[in-house]
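**Student:** Order-wise, the sequence lines are chains A and B. Okay, so the first sequence: first residue is 1 according to the numbering used here, each after it adds one. Okay, so the second sequence: first residue is 1 according to the numbering used here, each after it adds one.
Simulated from the structure, these hints should not be mistaken for lab results. Treat the hints with care, since some could be wrong.
Heads up, the list lumps identical chains together, so a pair's fine if it works in one copy or across two of them.
Said to hold, decoys possible - List of simulated lysine-lysine pairs, DSS-like, C-alpha gap at most 30 Å:
#, residue 1, residue 2
1, LYS87, LYS295
2, LYS71, LYS112
3, LYS241, LYS251
4, LYS237, LYS129
5, LYS71, LYS129
6, LYS237, LYS227
7, LYS129, LYS251
8, LYS266, LYS211
9, LYS295, LYS112
10, LYS266, LYS241
11, LYS315, LYS112
12, LYS87, LYS321
13, LYS266, LYS179
14, LYS33, LYS321
2 protein chains.
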Amino acid sequence: MGGDYAPYYVVEGAVQAVQESQGRFAVTLVGQKDRIDEELRKFPTSEQLSVAHASEVIDMHDAPNAALKTKRDSSITVGVTMHREGKGDAFVSAGNTGAVLSASTLILGRIKGVSRPTIGALIPTESGKCFLVDAGANVDCRPRHLFEFGVMGSIYVGAMVNTENPSIGLLSIGEEDIKGNEASLEALGLFRKSGLNFFGNVEGRDILQGKVDVVVCDGFVGNILLKFGESVPSFFKAKFKRFAAKNVMNKLSVLVARSGMRTVMKELDYQEHGGVPLLGVNGVSIIGHGGSTPKAIKNMIFRAEEFIRRGVNTKIEEAMKRFNG
Amino acid sequence: MGGDYAPYYVVEGAVQAVQESQGRFAVTLVGQKDRIDEELRKFPTSEQLSVAHASEVIDMHDAPNAALKTKRDSSITVGVTMHREGKGDAFVSAGNTGAVLSASTLILGRIKGVSRPTIGALIPTESGKCFLVDAGANVDCRPRHLFEFGVMGSIYVGAMVNTENPSIGLLSIGEEDIKGNEASLEALGLFRKSGLNFFGNVEGRDILQGKVDVVVCDGFVGNILLKFGESVPSFFKAKFKRFAAKNVMNKLSVLVARSGMRTVMKELDYQEHGGVPLLGVNGVSIIGHGGSTPKAIKNMIFRAEEFIRRGVNTKIEEAMKRFNG
């Protein structure tokens, strides 16, 4: 029931996922049974698809923690609980990010040694991708939290993006070790002595340049940066429009360039790429953008499968043991 | 002596400024006299130009506070001191930002009622400009500091950009009043009861959309955002290059669109526009980008003149009295 186009896009994405799954997994759609069944009727029936009823819906405007308390039979709570009970190996949602985050943390619990579960976002760079962590889950962070984000992010990228020994950068206001705010300066010390592949401080300009594989920041900075990045295509569109309006030559050049611009601008839309993982919980929880298309939903389901297959959580647990021991 | 192209760009910019000044002001070039004189010889002599010798140079790699202590005869210290002594009505530099900031704060002192002087940056939006404050001067901020940044930013925009009663937005992770980190949530309360034209929280995506005239954040976030924004054109350039390499049609369309793209991308380069003001000190101090061109230097000088003419500091002092009283 999550996302701006629920349940139809979610159902369609799930249908596509099982169709392409070659029988490897089944999907249980959690939510208001009659509405989901109505959507399912539009597609060929499949034994890999089932429905679990949940009467309530937490929407994008609900305050996460309040909603989890008042809507006890929400699709999020029911779905995450099914996952904890072993009725599913992963939970995937395009719903209220804060609610999925809270429900997953509360119901699944944290991996041993993890102080704060986090979400990360894979964003495009000039040369490839980089994983920004925390992407908005934790706004006020202690140095230890930032350090753990780096550890979990590095494991995720190593396992899921096939980057050998990913490099970690700590987002700051200068490259030198003396630059930073209170929390980042202390976190820098933790990274320096960790033995991880730590690059050092990185600046705002280094993100899109792809200087490192993992960029660590608190969720306040991460959220603001991601939303800023998302707004860049619209900014350029407005500017090109104004440029085109100046004269016929400009107009023609923009017309000719339009498809190219569309292709390139789309790359900044990191949410095309299939959801962000919740890292540090005892389970698999993938959170998608509210505007997730069926394709995005499908990609999230495949990403959840891969998350399990690559043993991300086992690796996180081992790392935490190492850094706590 | 400040900036990557000192002294030649700085001298050239100063020469241009006095040429266009219609005799309204004179410029004293502060720094190593022989090197400056050598540059000045390239231009027609002018009675509006003079040189004040300072033997030392603080460069971009110097740690600001340490450098101010060890290089007591630096062009920054000498120049700011001349300003305090009334030998100049404003100080303009493309040098080490931190050093200009510290020297200005220490030597000029703060305007009564101001806790922390700040720097702001005027950045382009879809519809015009917005003033981001703090742009990097203060990394760890208390709620009161954020509030003062908003007050000073609003006065600056009102006086210098001719925006009547500028709207102020507090940068956060959601629009609702419950969204934010500890400092921003408390600052929100201060803004709400201030009687200022306060819009409320704004998100990362609202900046370029131009939702408000003044965006308030701490200098850690501000610095990271500005540098991220600066790197966007290079990102798109790399992506367009890759797009063009795919086939001849793509290549042609990018060739045709090149001049338009250059025009539009340049708009993100906020530093073209003539330096950032230091707000809250007892004086006028304009800080330029290290890469400032002669044109940027010239614009900074004109901006300093305007800053004086518009009585920005008197307005700040009056506002602080109002909010402290």
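**Student:** Are the hints correct? Go through all of them and say.
**Tutor:** Here's how the hints hold up against the structure:
1. LYS87 / LYS295: Classified as within: same-chain Cα gap 24 Å, cross-chain 67 Å, threshold 30 Å.
2. LYS71 / LYS112: Within. Shortest intra-copy distance 29 Å satisfies the 30 Å Cα cut-off; inter-copy 52 Å does not.
3. LYS241 / LYS251: So LYS241 and LYS251 pass the 30 Å test inside a copy (8 Å) and across (22 Å) alike.
4. LYS237 / LYS129: Answer is both; intra-copy 24 Å and inter-copy 16 Å each pass.
5. LYS71 / LYS129: Result: close neither inside a copy nor across copies, 38 Å intra and 43 Å inter.
6. LYS237 / LYS227: both (17 Å within a copy, 21 Å between copies)
7. LYS129 / LYS251: Cα proximity of LYS129 and LYS251: across copies only (24 Å, versus 33 Å in one copy).
8. LYS266 / LYS211: both (21 Å within a copy, 23 Å between copies)
9. LYS295 / LYS112: Neither. Shortest intra-copy (34 Å) and inter-copy (58 Å) distances fail the 30 Å Cα cut-off.
10. LYS266 / LYS241: both (17 Å within a copy, 15 Å between copies)
11. LYS315 / LYS112: Within one copy only: 12 Å inside a chain, 56 Å across chains, cut-off 30 Å.
12. LYS87 / LYS321: The answer is within: 28 Å in one copy meets 30 Å, while 64 Å across copies does not.
13. LYS266 / LYS179: So LYS266 and LYS179 pass the 30 Å test across copies only (28 Å; inside, 34 Å).
14. LYS33 / LYS321: neither (42 Å within a copy, 62 Å between copies)
Hints 5, 9 and 14 from the list above are not met by this structure, while the remaining hints are.
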